[in-house]
Amino acid sequence: MKVKSLIASMAVAIGVTLSTGVATAQTLTMGVRGGPESLDPHFSALGSHAEAAKHMYDTLVWSGDDLQIEAGLATSWKPLDDTTWEFKLREGVKFHDGSDFDAEDVKFSIERIPAVSGPTTTTIYVRRVADVEIIDPHTVHIKTNGPAATLPYDFVRLFIVSADAAKDYSTPETAAEGFNGGPAAVGTGPYKLVSWEPKGDLVLERFDDYWRGKGPWEKVIRKEIPNDSSRLAALKAGQVDVINYVSSIDYLALQRDASVDAVVGDSVYIMNLQLDQRDDTPKVRAKDGSKLDKNPLQDPKVREAIDLAIDRETMVQIVLEGLGKPANQMMPPGFFGSSEKIPAREHDAAKAKALLAEAGYPDGFQIDLYCTSDRLPGDGAICQGLGQMFSQVGIKTNVNAVSKTVYFPAQSRLEYSVFMNGWGTLTGEASYTLGALAHSKNPEVKLGAFNRVAYKNDRVDELMQKGAMTLDADKRRALYEEAMELTMADRVYIPVVQLQTVWAAKAGKLSFQPRFDEDTLAFFIKPKN
Amino acid sequence: MSDTQSPLYRFWREFRENKLAVLALVVVVIMIVLAVFAPYIVPQNPYDLETLSLLDARRGPGFIGSGGYVHYLGTDPQGRDLLSAIFYGLRISIMIGLAAGCIALVLGTAVGIFAAYAGGRTETFLMRVVDLQLSFPAILLALVLVALLGQGKFQLISALVAAQYAYFARTAYGAAKGERKKDYVEAALATPLSGFQVAYRHLLPNCMPPLIVVATVQIASAISLEATLSFLGLGLPVTEPSLGMLISNGFPYMMSGRYWISVYPGVALIILIVAINIVGDQIRDQFNPRLRK
Amino acid sequence: MLGFVIQRLLQAFVVMAAMSVIVFVGVYAIGNPVEIIIPPEATDEIRAEVIRKLGLDLPLWQQYFIFVTNLVQGDFGRSYIYNVPVLELIAGRLPATLELVLISIISATVFGVTLGIYAGYRPNSIISKAIMAISVLGFSVPSFWVGLILILTFAVNMGVLPAGGRGEVVNFLGVQWSFLTIDGLSHILLPALNLAFFKLAMMIRLARAGTREIMLTDTIKFARAAGISEGRILRRHLMKLISVPIITVFGLELGSTLAFAVVTETIFSWPGIGKLIIDSITVLDRPVMVAYLILTALLFVLINLTVDLVFALIDPRIRAGAA
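Protein chains in written order, with our numbering: chain R, 1 to 529; chain C, 1 to 293; chain G, 1 to 323.
For the record, the hints were derived by calculation from the structure and aren't laboratory data. Hints may be right or wrong, so weigh each one.
Said to hold, decoys possible - Straight-line distance between alpha carbons at most 30 Å, and here's what the computed DSBU-like set of lysine-lysine pairs gives:
| id | chain 1 | residue 1 | chain 2 | residue 2 |
| --- | --- | --- | --- | --- |
| 1 | R | LYS466 | R | LYS341 |
| 2 | R | LYS78 | R | LYS287 |
| 3 | R | LYS325 | R | LYS509 |
| 4 | R | LYS325 | R | LYS506 |
| 5 | R | LYS219 | R | LYS528 |
| 6 | G | LYS129 | R | LYS167 |
| 7 | C | LYS19 | G | LYS129 |
| 8 | R | LYS351 | R | LYS291 |
| 9 | R | LYS88 | R | LYS466 |
| 10 | R | LYS325 | R | LYS351 |
| 11 | R | LYS291 | C | LYS153 |
| 12 | R | LYS283 | R | LYS353 |
| 13 | R | LYS475 | R | LYS78 |
| 14 | R | LYS283 | R | LYS294 |
| 15 | R | LYS283 | R | LYS441 |
| 16 | R | LYS287 | R | LYS301 |
| 17 | R | LYS294 | R | LYS223 |
| 18 | C | LYS153 | R | LYS396 |
| 19 | R | LYS167 | R | LYS94 |
| 20 | R | LYS223 | R | LYS199 |
| 21 | R | LYS283 | C | LYS153 |
| 22 | R | LYS88 | R | LYS199 |
| 23 | R | LYS456 | R | LYS301 |
| 24 | R | LYS441 | G | LYS129 |
| 25 | R | LYS341 | R | LYS353 |
| 26 | C | LYS19 | R | LYS287 |
| 27 | R | LYS223 | R | LYS192 |
| 28 | G | LYS53 | R | LYS143 |
| 29 | R | LYS291 | R | LYS353 |
| 30 | R | LYS475 | R | LYS214 |
| 31 | G | LYS53 | R | LYS446 |
| 32 | R | LYS107 | G | LYS53 |
| 33 | R | LYS199 | G | LYS129 |
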């Protein structure tokens with residue numbers, strides 16, 4: 001009895017202290033999985049880094065909820081010739097220190113990136129830029145090395161910093177010092193920096209002269225809580241108002257919880273199965289372990305059988321507990337270059353077996369399936385599910401769900417034959433995905449950098465190269481759609497499921513629109529009245 | 001009568017006075033039997049993907065799945081029967097524990113006795129290395145080694161051996177050093193017997209009692225270490241889950257009320273380790289001459 | 001004596017040099033961090049540029065040489081991920097780990113020694129048996145499992161304590177501490193309990209074993225025969241005899257608890273150096289991994305050195321033996 005009453009009194013004491021920690025009405029406290037790695041927006045290309053940076057800085061081109069490109073600090077843009085883009089800049093925009101934003105800042109920001117970028121390099125955003133020419137304070141011409149049809153898409157994460165404030169902090173050694181709490185962290189974004197602790201809290205206050213108008217919160221605290229369960233616990237305890245990345249496991253329980261609102265959004269990430277096309281592939285054997293005469297994955301019938309063996313509905317309902325969608329192509333529907341003509345994928349185990357027999361493998365064969373286990377939600381579980389499905393049509397599957405620190409280096413050394421990982425079309429258009437994966441590996445045209453299955457379809461190569469030079473958006477879209485259709489028909493890349501992301505907030509308190517890029521942006525989260 | 005009894009029997013007579021230790025011993029034996037005969041006892045081979053069905057995934061205890069039998073302890077996120085998975089997990093855990101413990105025993109004893117026998121600089125060097133390693137926590141050493149060597153049974157056992165051999169080396173060294181100075185060993189060394197034979201015939205038997213004590217503790221600790229490493233995601237592959245891996249896989253489900261995935265394997269793991277440690281404690285007490293009057 | 005000190009210092013130096021090579025080569029062997037941290041759009045040129053910037057294009061011996069050159073100037077390099085000096089990163093996380101470890105080990109020692117002496121003094125009482133049962137449990141049950149059960153009980157089922165994180169911190173002596181606020185204390189309770197449990201079991205066993213042995217010695221027998229009260233025997237003789245090994249173990253355990261905090265910090269998302277090293281392993285942040293391992297090795301070498309020197313001061317035979 002004594003022990004019980006002691007625990008009860010402890011509970012009361014702690015309950016009281018927790019409620020004192022609740023933020024005041026004008027403050028938004030967000031519990032997020034990852035945070036910025038530095039307050040220099042140009043240091044890292046990581047999603048969580050850019051997400052944090054968007055609170056303090058603006059980008060030249062804005063990426064909307066569905067990743068459609070919109071006016072940002074640039075109000076309009078157009079190609080002048082094959083290698084020149086003209087960007088018109090927004091007038092009347094103020095930096096946090098009260099100074100005016102102009103073309104100098106754009107040129108400075110672009111030129112600063114290669115010097116200060118970290119290993120998760122932001123140089124990718126300006127890789128096509130050869131030169132920046134200032135025409136007048138609100139017009140810049142960007143010279144590209146070769147035609148760059150998708151340049152505006154590259155600029156959705158091109159953050160603009162103040163040339164005056166940051167000019168002394170633009171070497172690798174000085175950038176961290178200048179931005180992490182120093183004088184250089186001056187942007188045009190909706191919030192100003194108050195303080196930041198790496199892996200801890202980013203505290204911001206409203207910038208009243210923001211060009212989009214005043215933000216809804218006076219103060220924003222962005223708390224990093226990497227552990228999924230802890231983040232949810234913090235929300236339930238009232239320590240934070242909103243959290244991102246609720247795991248599918250917790251989502252099921254949350255739906256029954258009246259004190260919490262859950263918002264589900266589609267993710268850009270699609271899990272793709274990839275089948276090695278080399279003549280001699282390392283991780284495919286006969287069932288008795290002996291070597292096969294040829295690589296069965298080169299046979300279209302075998303690839304179709306593998307596709308048919310996958311029960312995507314079960315994968316979504318059971319493995320992801322409803323938090324996903326069956327995928328039929330490598331990009332979500334509606335993205336620039338995804339095709340409506342591609343049919344939904346079927347599941348037919350009997351047909352899969354028949355096809356294997358037709359292809360000369362009536363008893364099947366043996367594969368080692370590799371995938372990441374710690375990169376995206378459900379990756380390891382999906383992989384094990386695939387193992388079951390393949391085994392049931394006669395392809396004996398040894399599943400290896402390994403850490404991403406093992407997976408990616410080995411994948412880049414071409415050590416795998418059948419492997420699965422997520423791919424997010426972060427720019428919202430096809431050249432990002434098909435250009436890296438479906439084009440044959442060709443450093444000369446800078447395409448196919450992530451094609452690790454030796455996939456080569458001459459028509460796809462031609463379409464992608466043509467697309468990169470086609471400045472007319474509609475024509476380019478048609479080229480990419482055809483490339484997507486061809487690639488999907490070849491089934492070297494087999495999309496499995498599209499993931500979904502869940503945010504959770506205290507019931508009835510906040511309203512916001514989920515974003516495809518999974519960003520949680522305080523400016524667009526509004527109090528519900 | 002008592003004169004004709006073997007030392008082993010006398011040992012056992014004393015052992016059985018401690019009822020708890022006897023119970024623990026019985027538990028250990030039962031668990032080993034379960035582990036060894038798991039394939040003949042359980043309804044499912046949890047490592048054979050063909051027999052699993054995702055439709056059975058994450059069902060509570062008592063669910064009757066597509067296999068037509070009752071899942072008494074429920075199923076895991078891949079539709080594995082947890083009871084089967086736990087028995088197979090016991091197999092892996094015990095095998096890893098025994099393998100790591102035995103290899104460490106042999107290696108450590110060899111190092112310890114060799115150091116005591118060789119003397120001089122070799123002795124100083126070897127024992128400095130051992131002491132240094134002993135001051136380094138086993139968990140950290142194993143953690144780093146697994147990160148370096150990669151995942152897999154062989155790598156895991158290597159890491160555990162590397163983390164544990166020093167305990168045996170220290171113990172064997174201490175015992176052997178004491179014997180080495182005694183006259184009969186000196187005398188034996190004077191005979192044509194080789195140094196190796198002297199070490200084997202005289203030094204080794206005298207080191208055995210303390211080594212057995214260390215071995216029981218170390219086997220339990222190897223099992224626990226393996227589980228911890230698996231829990232941190234640095235252990236064995238997910239498709240052949242050890243007990244630690246089962247616990248780790250089920251951990252996220254704990255918050256949403258699906259406790260069984262994590263709790264039952266945990267209970268099995270704890271019963272095993274506690275039982276081994278109770279047996280080890282009793283053996284230690286019996287070997288400790290200072291507690292006898 | 002001076003010779004002995006020099007010899008031990010030299011040994012410590014050799015050990016550290018060897019450790020630095022082993023750690024550096026080992027971490028190098030794990031894999032190429034660029035594959036994990038580089039974004040997918042990177043062209044081969046950009047990739048090569050990143051590799052060059054990080055100095056990973058140089059041969060291993062040259063990388064090691066640069067590393068050591070910086071190291072002797074006290075520079076462990078910059079984190080690949082955070083672009084701040086590694087030492088700064090570790091120093092920032094140290095208070096969190098220190099407060100967790102100190103609270104755990106001090107409470108484990110105080111409670112463990114008290115319970116252990118009792119269990120050794122009255123080995124056959126029911127309470128002693130209960131104490132020993134607790135100690136066997138604490139010794140056996142893997143720490144991560146205890147953590148899970150604590151979370152399940154107090155955070156999930158009862159909902160009275162937070163499941164993770166560090167809670168509110170206050171600035172004291174220029175460092176952020178959480179044990180000075182009520183919210184912070186509520187966060188530290190479970191992880192500290194978790195970390196203390198194992199050490200508690202060890203302290204109980206140690207104190208019990210010591211007490212049992214000492215109580216059987218002639219000193220105690222004579223003291224009893226001389227009619228000295230039991231309370232006095234306990235205070236004067238037992239405590240004195242038992243404190244030396246316990247203080248030694250306390251010192252040694254401080255180091256190992258720091259290392260063991262890796263597990264507890266991971267379970268409770270405690271933002272200390274243990275969590276940092278696990279996070280760094282998952283993204284292959286080499287400079288942080290190397291610095292953590294070398295500093296840990298240094299810590300243990302220093303503890304060993306101190307123990308050796310202190311013992312040498314106390315016990316002249318050791319000095320003679322080593323000379």
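Right, here's what the structure says about each hint:
1. LYS466(R) x LYS341(R): holds (21 Å)
2. LYS78(R) x LYS287(R): With Cα atoms ~58 Å apart, LYS78(R) and LYS287(R) exceed 30 Å; violated.
3. LYS325(R) x LYS509(R): holds (28 Å)
4. LYS325(R) x LYS506(R): Within the cut-off at roughly 26 Å; holds.
5. LYS219(R) x LYS528(R): Holds. LYS219(R) to LYS528(R) sits at ~17 Å (cutoff 30 Å).
6. LYS129(G) x LYS167(R): Violated: LYS129(G) and LYS167(R) sit about 71 Å apart, past 30 Å.
7. LYS19(C) x LYS129(G): Holds: LYS19(C) and LYS129(G) sit about 13 Å apart, inside 30 Å.
8. LYS351(R) x LYS291(R): Holds, because 26 Å separates the two Cα atoms, which is no more than 30 Å.
9. LYS88(R) x LYS466(R): holds (27 Å)
10. LYS325(R) x LYS351(R): holds (23 Å)
11. LYS291(R) x LYS153(C): holds (25 Å)
12. LYS283(R) x LYS353(R): Holds, at roughly 21 Å.
13. LYS475(R) x LYS78(R): Holds, at about 16 Å.
14. LYS283(R) x LYS294(R): With a Cα-Cα distance of about 12 Å, the restraint between LYS283(R) and LYS294(R) holds, given a limit of 30 Å.
15. LYS283(R) x LYS441(R): holds (21 Å)
16. LYS287(R) x LYS301(R): Within the cut-off at roughly 19 Å; holds.
17. LYS294(R) x LYS223(R): violated (54 Å)
18. LYS153(C) x LYS396(R): holds (21 Å)
19. LYS167(R) x LYS94(R): The given pair, whose Cα atoms are some 18 Å apart, holds under the 30 Å limit.
20. LYS223(R) x LYS199(R): Between LYS223(R) and LYS199(R) the Cα gap is close to 8 Å, so the pair holds against 30 Å.
21. LYS283(R) x LYS153(C): Holds, at about 19 Å.
22. LYS88(R) x LYS199(R): Violated, because 37 Å separates the two Cα atoms, which is more than 30 Å.
23. LYS456(R) x LYS301(R): holds (17 Å)
24. LYS441(R) x LYS129(G): Violated, at roughly 70 Å.
25. LYS341(R) x LYS353(R): Within the cut-off at roughly 27 Å; holds.
26. LYS19(C) x LYS287(R): violated (52 Å)
27. LYS223(R) x LYS192(R): Satisfied, since the Cα-Cα distance of roughly 16 Å is no more than 30 Å.
28. LYS53(G) x LYS143(R): Between LYS53(G) and LYS143(R) the Cα gap is close to 26 Å, so the pair holds against 30 Å.
29. LYS291(R) x LYS353(R): holds (21 Å)
30. LYS475(R) x LYS214(R): violated (40 Å)
31. LYS53(G) x LYS446(R): This hinted pair holds, its Cα atoms lying about 21 Å apart.
32. LYS107(R) x LYS53(G): Holds: LYS107(R) and LYS53(G) sit about 23 Å apart, inside 30 Å.
33. LYS199(R) x LYS129(G): violated (46 Å)
In summary, the numbered hints that this structure violates are 2, 6, 17, 22, 24, 26, 30, 33.
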